[in-house]
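Student: One-letter residues, chain by chain:
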Amino acid sequence: MASSPGQSGYDPYNWSSDGKEYLMPDNVAKTTPERSDCAARLLTATRIYLNSPPELPQYWGQINPNYNDYHSNTVDISSTLWLPDITDWWLQHEEMYSTYGNLCDVARDIFSIIPHGVRVEGGFSLGRDVIPWRQSKPPARLFTNRSQ
Amino acid sequence: MSKRHSVTLDYIITGYNDMFHHMDGVMRALAKKKTQWKDHLYFTVNLVRQKLSIYYTEETPMTGMLLIPVHILDPFWKLRSFRKWDKGMDINPKDETSYTTPYQVAFLKYVENEHCAKHRYLPVT
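Chains as they are written, first to last, in the working numbering: chain H, 529 to 676; chain R, 69 to 193.
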């Protein structure tokens with residue numbers, strides 16, 4: 529019978545620890561005024577970003593580096609459903625301007641999350657497997673009741 | 069859509085809203101039709117809409133507050149999405165009961181607490 533951590537002195541994973549090292553990590557003591565400045569700059573950049581008016585997609589489209597790219601997909605460029613890519617906008621701002629400073633890092637962290645776990649996106653992917661692009665009419669057996 | 073665009077988190081609510089609008093339009097157009105196949109189509113779209121509502125309801129607890137910074141970090145909208153909601157409910161965006169002000173505060177807190185903590189910046193006092 530296995531003994532509980534309190535009954536045995538053997539504790540290879542340090543389960544009996546009170547976890548103080550996690551409550552007060554070393555890096556807090558090592559934070560410097562420069563890091564505090566970074567946080568202040570980030571908050572200032574965030575406020576500047578929030579107080580500036582939203583970007584107009586048509587103006588940004590004119591300086592979109594991929595717009596005249598020989599290798600880019602012509603369907604994407606000519607499509608009336610063209611949507612400005614937010615990640616491109618942030619990347620461009622990070623490389624060309626420094627208006628929003630470290631806010632670009634925040635944007636990169638958030639927009640790098642891939643939403644494929646969203647159920648409706650999963651549903652679309654499954655639907656495309658069942659009904660491919662060239663098939664407009666699904667076979668009747670897909671809709672028949674299995675109990676019949 | 070994922071074949072032609074890199075799908076980012078800001079597409080979640082937009083995608084759902086577009087689908088709801090599309091289905092509402094189809095159902096409005098088919099509501100008074102008597103033809104059998106149109107009646108079947110109405111029934112099907114209605115079922116799909118219900119299923120989409122279930123997905124949508126389950127989405128918010130999964131993503132939580134993450135969708136707020138996502139929408140604010142959309143440079144083409146920023147706080148405009150929330151102002152639109154306030155306008156729809158006839159609320160002044162500067163009121164405490166509005167969506168705009170608390171979400172703006174929540175975003176600043178997110179940047180300060182989550183991002184600064186992650187990169188080990190000292191919080192601003």
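These are calculated hints, taken from the structure and not from any lab test. Careful: at least some of the hints might be erroneous.
No farther apart than 16 Å at their CA atoms in a straight line, the calculated lysine to aspartate or glutamate pairs in the EDC-like style are these [what the hints assert, rightly or not]: (1) R:K152 - R:D163; (2) R:K106 - R:D92; (3) R:K146 - H:D565; (4) R:K146 - H:E583; (5) R:K119 - R:D163.
Student: Against the earlier hints, flag every one the structure doesn't satisfy and list their numbers going up.
Tutor: Hints 3 and 5 contradicted; others consistent.
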